[in-house]
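So the sequences go chain by chain: R and F.
Just so you know, we're using the numbering used here here: the first sequence kicks off at 39 and counts up by one.
Just so you know, we're using the numbering used here here: the second sequence kicks off at 14 and counts up by one.
Hints in this document: simulated from the structure, not taken from any laboratory.
Everything numeric in this text was worked out from a predicted model, so none of it was measured.
Treat the hints with caution; some may be incorrect.
Among chain F residues calculated to face chain R with C-beta under 10 Å, some are [said to hold, decoys possible]:
hint, residue
1, Pro120
2, Thr163
3, Ser216
4, Lys242
5, Gly252
Quick reminder that beta carbons are idealized off the backbone N, C-alpha and C, glycines included.
Here's the letter readout for the chains.
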Amino acid sequence: MFSTIYIEEEVLESERVRNLLARFPQVPQVICDRYGEVFNRKSQNFRLQKMAPALILAKKYGNKVLAAPSGYGYNDSNSYYFSHMLNCVYDCRYCFLQGMYSSANYVLFVNYEDFEEAIVEKIAENNGGGVYYSGYDCDSLALEPVSDFCSHFLPVFRRYPDAELEIRTKSTQIRCLLDTEVVPNCVIAMSFTTNEAARQWEHKVPSIEKRLEALHKLQLAGWKVAIRFEPLVLGVEGLAPYEALFAKVFSKLDGQRLHSISTGLFRMPVDFHKRIVKLYPDEELFARPTEIKNGMIALKNAQESSHLVAIEKLLLSYVSHEQYYRCG
Amino acid sequence: MPVNIVVAHGLEAKALVKVLELERDLASTEFVEYSNSSRLRLLVSGVGKDAVAAAVTYLGEQQSSNDGEVRAWLNIGIAGHRDAPLGSAWLGNKITDQSSGVSAYPPQLIGGLEVGCVVTVDEPENSYPLNAAYEMEASAFYAEATKYSTAELVQVFKVISDNLENPISEIDIKSVPRLIAAQAPQFLMLIEKMSAIAQQYNSSQRLPSFYFESCSKIHLTVNQTLQLKRLCQRYKALGLEEELSSVANLKASDARQLLRQLAERIDGISEA
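Looking at chain F on its own, in the form it has when it is part of the complex (with noise of 0.2 Å):
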C-alpha cells in the first residue's frame, strides 16, 4: 500500500496504529513514525500548518528517490463544527486556509464517503462560523503533499470531535482515539481505494529492469538517460519488453551505441 498517512496528534494516530497493525519506526528520531509490512507509513506531526509541513517535507524526501513511485497522502485528524454529531466525518472537498483565503480542491476520485469543506485556522475555533470543518493542519497538507505527490492522491479526512454543544474547551481528549476507531469502515476503505489508484498508476508508469540495470552499467548523461528511458517505455508498451537485453549487449555497448541499437530495433518493428 504506497499510502503515506500524516497526523497531528498522538491521541489521533493511537487509533490508527491499531485498526492498520502499525509498528512503531524506532530509527525514526525526527517524528514518531510507524510503518507496516503493507509499506503504508503514518508520521505523527504535531499540531498546526508548520509542523505538518515540515513533516510531509521529511517524508516526502525520504521517498523522493524511490524509483519515480507516486504514493497516496492522506491527513486524518479531529475538526470542529458548530453543530454536525460529534463523530461524524467527512473528506474534505474543498480546502480553505483561512489566514489567506485561499482554497485548494482535492479532486474526488472516490464515492462512497461523507464529503465537505474544510477550513483550516491558526488557532483553535470556536464559533465555527462556515458550514465547515474547522482544523489547524489540512492547507498545510495539501499544499506540501502535492509537491510530491499528484492533486488526486492527496485527500483530508476529518472526524468531528467538537461542536458549539460540546466546545472544544471541554473536550474530553481520551476520547479522540474513540471518535476516530469508530470511522474505521470509512478510512479503511479509503485507505484501500487510494492504495489501488496509486499502485494502477505506478504500474503504468513501472520500468522495464533493462533501464536500471543499463543506468548502474553505462554512463549516461541526463538527455541519454531520457532517450534510455523512452525507448524502454516503447519497448513495454510494444509487448517487446523481453526483447530489450537481446537487441542490446550491455557488456560490449556504450551509451551511444546502446540507444541506436535499441532505437534501430524498434522503429524498424514499428515501420515494419
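Here chain R stands alone, though its shape is the one from the complex (with noise of 0.2 Å):
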C-alpha cells in the first residue's frame, strides 16, 4: 500500500502513530525532523512519485483551519477547510494537486486534537455555525482504514449541530460512516464525471457503479447526500455522456432527498496548470486551447458553452433550483 513510512520525530511515540505502524509492519520506516524533508522537495517528480506512494506521518503547525476560496460551497455561510491529509490515493489526471506539489506521497496529520481545537474555536467565532470542508487537498475516506478519520471528527461535529461538515470523497469507504450513528449536519458529497472522463482521467478511482451504491447505502441509513458533478469538461462529445450519466445516478439516488447538487468546468490557477503540464505534456486534456481569467485557467469557451446551459438544463430536470448551485 505504501513504498514506505516516513515517521517525524515528534510523533513517533504518539498512540496514534503506534497503533498505525503496528498494521504496516512489512513496510519500510523512516525517521525524520520535519516532513518538509520528505515532502515537496525540489527536484522531485509528482508523475513518477505516483508509481509507488510513501506515506509520511508528521505534526501540523500553523492554521488548521483556513478560508474556503470563494465560489467553492453551496451556501452563504462562512466557509473553512482543514487538511488532516495533503494527497489524494486516486490519480485524477485533472486534479490540481499535481500542480500544488511536487510530491505524490501522502502526509497525514496526526495531531487531530489540535486540529479539533481549530475548529471548535472557528465554530464559535461563528456562533456555533459555519460550513467546514474536508477534502480539498485529499480524498478524506479513501485513507479511512489507516486515517480514522471519520471516528474522530465526526462525533466533534456531532457536539456542534448548526455547524455543517462537508466531506468530499469519490471513495467508496464507507463502513465506518454505516457504522455510527447518523450524523444530521455532517453531508457526504461524491464527485462523479461521465463514463468517458472516468475512463480516461480517474485512474485507481472506484467505478461509477460502487460509488453509487455506496451512495445509495448511505442515503437508506440516512446521511445526507451530495452531488458533485466536477470537474465539467465539455468537448465534441455532445450531451450525450451527461444524459446517460445522469440517468445512472438518478435511477439509484432519490434526487429529491440529495442534499445538493452541483458542477463546475475544469479549471485551476495557471501556476499549477504549468507544471502539470511539464508533467504530462503526452496529456490530450491539456493540449486543448485554454482562457485564462483572474489567474485561473480553463478549457476555452467553456464557460459560454451552450453545452454548459443544455447540462445544467437536463440536471434540473431531476432536482430542484434549490438543490443546485455552480461552484466557482
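Need the complex rebuilt from these two chains, each delivered in its own frame; the hints are there to steer you.
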C-alpha cells in the first residue's frame, strides 16, 4: 500500500502513530525531523512518485482551519476547509494537486486533537455555525482504514449541530459511516464525471456504479448525501454522456432527498497548470485550447458553451433549483 | 539504458565492468570511464565527497545537451556497519551527511530490495554508532546528481565490507569485487528498473522530430522556441504528430508564420 512510511520524530511515540505503524510491519519505516525534508522538495517528480507513493506521518503546525476559496461552497455561510491529509490515493489527471505539490506522497497529520481545537474555535467565532469542508487537499474517506478520520471528527461535529461538515470524496470506504449513528449536520459529497471522462482521466478511482452503490447505502441509512458533477470537461461528444450519467445517478439515488447538487468546470490556477503540463506534456486534456481569467486557466469558451447550459437544464429536470448550484 | 553509475574505487568498478559487460572508454581523460552499447556509463570518481561531486558534475555537464533526456544515477560502493554481515547490501532510503547533519531521502519507487540508512563520513568510521551503512560519498553524490536528474532516479546501493568483527583496517581489499559481484542479481534488477522508469519518463517527454527540424532551419527566439515546443507537444498529445510537417511549410515560413500556422490549425481542430 505504501512504498515507505516516513515518521516525524516528534510524533513517533504518539498512540495514533504506534497503532498505525503496527498495522504495516512489512513497510520500511524511516524517521525524519520534519515532513518538509521528504515532501515537496525541489527535484521531485509528482508523476514518478505516483508509481509508488509513501506515507508521511507528521504534526501540523500553523493554521489548521482556513477560509474556503470563494465560490467553493453551496451556501452563503462562512466556509472553511481543513486538511488532515495532503494528497490523494487516486490519480485523476485533471486534479490540481498534481500542480500544487512536487511530491505525490501522502502526508497524514496525526495531531487530530489540534485540528479539533481549531475547528471548535472557528465554530465559536461563527456562533456555533459555519460550513467546514474536508477533502480539499485529499480524499477524506479513501484512506479511512488507515487514518480513522471519521471516528475522530464526526463526534466533534455531532456536538455542534449548527456547524456543517462536508466530506468530499470519491471513495467507497463508507463502513465507518454505516457503523455510526447518522450525524445530521454532516454531508457526504461524492464527485462524478461522465463514464468517458472517468475512464480516460480517473485512475484507481472506484467505478461510477460502485460509488453510486455506496451513496445509495448511505442515503438509505439516513445520511445526507450530495453530488458534485466536477470537473465538467466539455468536448465534442455533446450532451449524450451527461444524459447517460444523470440517468444512472438518479435511477439509483432519490434526487429529491439529495442535500445538494453542483457542477463545476475544469479550471485551476495558472501556475498549477503550467507545472502539470510539464509533468504530462503528452496528455490530451492539456493540449486543448485554454483561456485565462483572474489567474485561473480553463478550457476555452467552456463558460459560454451551449453545452453547459444544456447540461444544467438536463440536471434541473431531475432536481430542484434550490438543490443546485454552480461551483466557481 | 539511460543509467550512470558512479563508484569511488577501481575495485568496486571491477565486478560491475564484468557483470555489465562494460568497456573502458579510453577517450576519457579526467576519470576512468566505462560504457556499453546499451548506453550504460560507469565512472570511477575517487574516494570522498569532493571526488564524487566532481565526477557527477563532469558526467552531468557532458550529458546536459542530450535534448533534455533524463538519466538515472546510481552510486554503488562498499560501506561499513556495526553488525551487518559482510556482503549484505541495501538501497539507501535515508542519507545523512555526518559533518553537516543534513539528511536526504531518496524516493523509493523500486521495491524488492533491502533498504536502510546510509551515513556519509569525512574520515573512515570504526565504531559505527548508528544502525546505518557508513561510507564516504553518498551524500555528495545525491546532492550533486539531483541537479541533473529527478530525485526518484538518484539512488545509492551499499554493500557491507566491514563491521566491528571485521574492522576496516583488516579489510582484504581484493575481496571487494567478490562482495559486489555477489550482489549482481540485486543491482542488475535495480539498474533495469531505474532504466525502465527513465525510459518511460523520457518517452512521455519526447518531442516530435519536426521540432528539431524547425529549430535547425528557422531562427527562433527563446520565447518562440518554447512556444514551438508546446505546440509540438500539443500535436503529439492529440495524436496529430504526423500532421505537423503538412501544416507548416518550413521553407516558406519565418518563426512568427510558423507559430501562427501551427496554432491556428490545432486550436481549430481542438475547438471543433
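Status of the hints after comparison with the structure:
With a least beta-carbon distance of about 6 Å to chain R, the hint placing Pro120(F) at the interface is held under the 10 Å criterion. Proximity of Thr163(F) to chain R holds as hinted, the smallest CB-CB distance being about 4 Å (cut-off 10 Å). For Ser216(F), the shortest C-beta to C-beta distance to chain R is roughly 8 Å, which falls under 10 Å, so the interface hint holds. For Lys242(F), the interface hint holds, since its Cβ comes within 10 Å of a Cβ in chain R; the closest pair sits about 9 Å apart.
Checking Gly252(F) against chain R by beta carbon gives a least distance of about 8 Å; that is within 10 Å, so the hint holds.
Consistency note: the structure conflicts with none of the earlier hints.
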